[in-house]
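**Q** Sequence:
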Amino acid sequence: MSIFLDFDGTITVKDTVGELANFALRVRADEGVDLKKEWDGVVSAYVDDHSAHVDGYEPGPHARCLPEHEIEFLRQMKTVETRSLGRINECRLFRGISPAAFREAGRDLVRKGTVRLRPGFRRFVEQRRREGWKIWVLSVNWSSAFIEGACGELEGVKVIANDVREDGSIAGPPVLNPPESAGSNGELRNLTNSCDKLDAMKAVLAAEGLTGKPSVYFGDSTTDLECLLAADLGFVIADKEDSSLLETLRRIGKEVPHVRDHTTSKLMWTENYEDIPDDKFILS
851 MSIFLDFDGT
861 ITVKDTVGEL
871 ANFALRVRAD
881 EGVDLKKEWD
891 GVVSAYVDDH
901 SAHVDGYEPG
911 PHARCLPEHE
921 IEFLRQMKTV
931 ETRSLGRINE
941 CRLFRGISPA
951 AFREAGRDLV
961 RKGTVRLRPG
971 FRRFVEQRRR
981 EGWKIWVLSV
991 NWSSAFIEGA
1001 CGELEGVKVI
1011 ANDVREDGSI
1021 AGPPVLNPPE
1031 SAGSNGELRN
1041 LTNSCDKLDA
1051 MKAVLAAEGL
1061 TGKPSVYFGD
1071 STTDLECLLA
1081 ADLGFVIADK
1091 EDSSLLETLR
1101 RIGKEVPHVR
1111 DHTTSKLMWT
1121 ENYEDIPDDK
1131 FILS
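Plus 850 on top of the position in the sequence shown (first one is 1) and you've got my numbering.
No wet-lab data here; the hints were simulated from the structure.
Careful, some of the hints might be misleading.
[To be verified] Below, computed lysine to aspartate or glutamate pairings styled on EDC-like, alpha-carbon distance capped at 16 Å:
1. Lys-1104 <-> Glu-1091
2. Lys-962 <-> Glu-869
3. Lys-1130 <-> Glu-1003
4. Lys-1116 <-> Asp-1129
5. Lys-1090 <-> Asp-1125
6. Lys-984 <-> Asp-1082
7. Lys-984 <-> Glu-1003
8. Lys-928 <-> Asp-899
9. Lys-864 <-> Glu-1121
10. Lys-1104 <-> Asp-1125
11. Lys-1116 <-> Glu-1105
12. Lys-1052 <-> Asp-1082
13. Lys-887 <-> Glu-940
14. Lys-1130 <-> Asp-1082
15. Lys-1008 <-> Glu-1058
16. Lys-1063 <-> Glu-1091
17. Lys-864 <-> Asp-1089
[Unchecked claim] What follows is a list of derived Cβ distance ranges for each label pair:
18. Asp-1129 <-> Lys-1090: 22 to 30 Å
19. Lys-887 <-> Ala-1057: 42 to 50 Å
20. Asp-865 <-> Pro-909: 36 to 44 Å
21. Gly-1062 <-> Asp-1125: 25 to 33 Å
22. Ala-950 <-> Asp-1049: 25 to 33 Å
23. Asp-884 <-> Thr-964: 19 to 27 Å
Positions of the beta carbon are idealized from the N, C-alpha and C atoms, including for glycine.
Using the sequences plus the hints, can you model the full thing?
**A** Quick look at the structure:
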């Protein structure tokens, strides 16, 4: 009864983080503040940090042949993501940009074709809603408002992602930060990796009374791996059969046939939402 969809690369054809940053750079430039050099430094530091973690992690990828091996590797990536968010917060790229502005930026980039949604997405969501499915977008993106705008603010679809505060810092979603979980230092948990996504999905299911009921997850990257494995049915969105996520799943022993193979597999892959058979979503 529940469907969760990643955003970047899953609903959209390509990752939108660069476009989101470019939007913010234009806003700050219009204010007379040029943050291009600082932002390039943030991006470069993340790439170096990420590469160092991947290259230095033991066991290496070929020795990680079970789901638990890969999950541990992905969870250890949290420190890399946390350091990156710290750099973003210090850069203040998003300072003073309102949720309404992010929302309009999402709409505008889709209108212009700069951000493209995957074929069949809107029809798929509208059909599932008519059938009684509850739908969430679950993303590590920095702005839930940007996602809402890009998706066209589809009725009945809720977005769970990070949010930009007035000072430009990134804050995690309420579902990961219930009042009783507040730490002594006041730090909020951001939504950045596969474990965060899984915990958010579980929290939503529990709050909605949907734990143990049919769940479906759509994703395109390794940040989606834990949710794909936990859901009753998982769809990998990929442009080709050797995508990084598909290769990772096969390496840890998971077969992922294409939806056109009319498979009964728990995991499948597709390039779009048009090829997904409607009968996969018939509620008994």
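**Q** Next, verify each hint and record whether it holds.
**A** Tested hints:
1. Proposed proximity of Lys-1104 and Glu-1091 is supported: the alpha carbons are some 14 Å apart, at most 16 Å.
2. Under the criterion of a C-alpha separation no larger than 16 Å, the hint pairing Lys-962 with Glu-869 is consistent with the structure, at around 12 Å.
3. In summary, the hint linking Lys-1130 to Glu-1003 is not supported, as the alpha carbons are separated by about 25 Å, beyond the 16 Å threshold.
4. A threshold of 16 Å between alpha carbons decides the hint, and for Lys-1116 with Asp-1129 the separation of about 14 Å falls inside it, so the pair holds.
5. Among the hinted pairs, Lys-1090 with Asp-1125 is consistent with the structure: their alpha-carbon atoms are about 14 Å apart, no more than 16 Å.
6. Pair hint Lys-984 plus Asp-1082 holds up; C-alpha atoms about 15 Å apart against a cutoff of 16 Å.
7. Taken as a hint, the Lys-984 and Glu-1003 pair is honoured in the structure, with Cα atoms around 15 Å apart against an allowance of 16 Å.
8. With a C-alpha separation of about 11 Å, the suggested pair Lys-928 and Asp-899 falls inside the 16 Å cut-off, and the hint holds.
9. Restraint check for Lys-864 and Glu-1121: the C-alpha separation of about 12 Å stays at or below 16 Å, so the hint holds.
10. A C-alpha spacing of about 21 Å is found between Lys-1104 and Asp-1125, which places the hinted pair above 16 Å, so the restraint is violated.
11. Taken as a hint, the Lys-1116 and Glu-1105 pair is honoured in the structure, with Cα atoms around 9 Å apart against an allowance of 16 Å.
12. Distance check on the hinted pair: Lys-1052 and Asp-1082 sit about 13 Å apart at the alpha-carbon level, within 16 Å; holds.
13. Using a Cα cut-off of 16 Å, the hinted pair Lys-887 and Glu-940 holds, with the two alpha carbons roughly 13 Å apart.
14. Between Lys-1130 and Asp-1082 the alpha-carbon distance is near 11 Å, which keeps this suggested pair within the 16 Å criterion.
15. Taken as a hint, the Lys-1008 and Glu-1058 pair is honoured in the structure, with Cα atoms around 13 Å apart against an allowance of 16 Å.
16. With a CA separation close to 30 Å, the supplied pair Lys-1063 and Glu-1091 exceeds the 16 Å bound.
17. Pair hint Lys-864 plus Asp-1089 holds up; C-alpha atoms about 10 Å apart against a cutoff of 16 Å.
18. The hinted range of 22 to 30 Å is satisfied by Asp-1129 and Lys-1090, whose Cβ atoms lie roughly 26 Å apart.
19. At about 43 Å, the CB distance of Lys-887 to Ala-1057 agrees with the hint of 42 to 50 Å.
20. For the hinted restraint 36 to 44 Å between Asp-865 and Pro-909, the CB-CB distance of approximately 28 Å leaves it violated.
21. For Gly-1062 paired with Asp-1125, a C-beta distance near 29 Å keeps the hint of 25 to 33 Å intact.
22. Separated by about 29 Å at the C-beta atoms, Ala-950 and Asp-1049 satisfy the suggested range of 25 to 33 Å.
23. Under the hint 19 to 27 Å, the C-beta atoms of Asp-884 and Thr-964, about 22 Å apart, fit the expected range.
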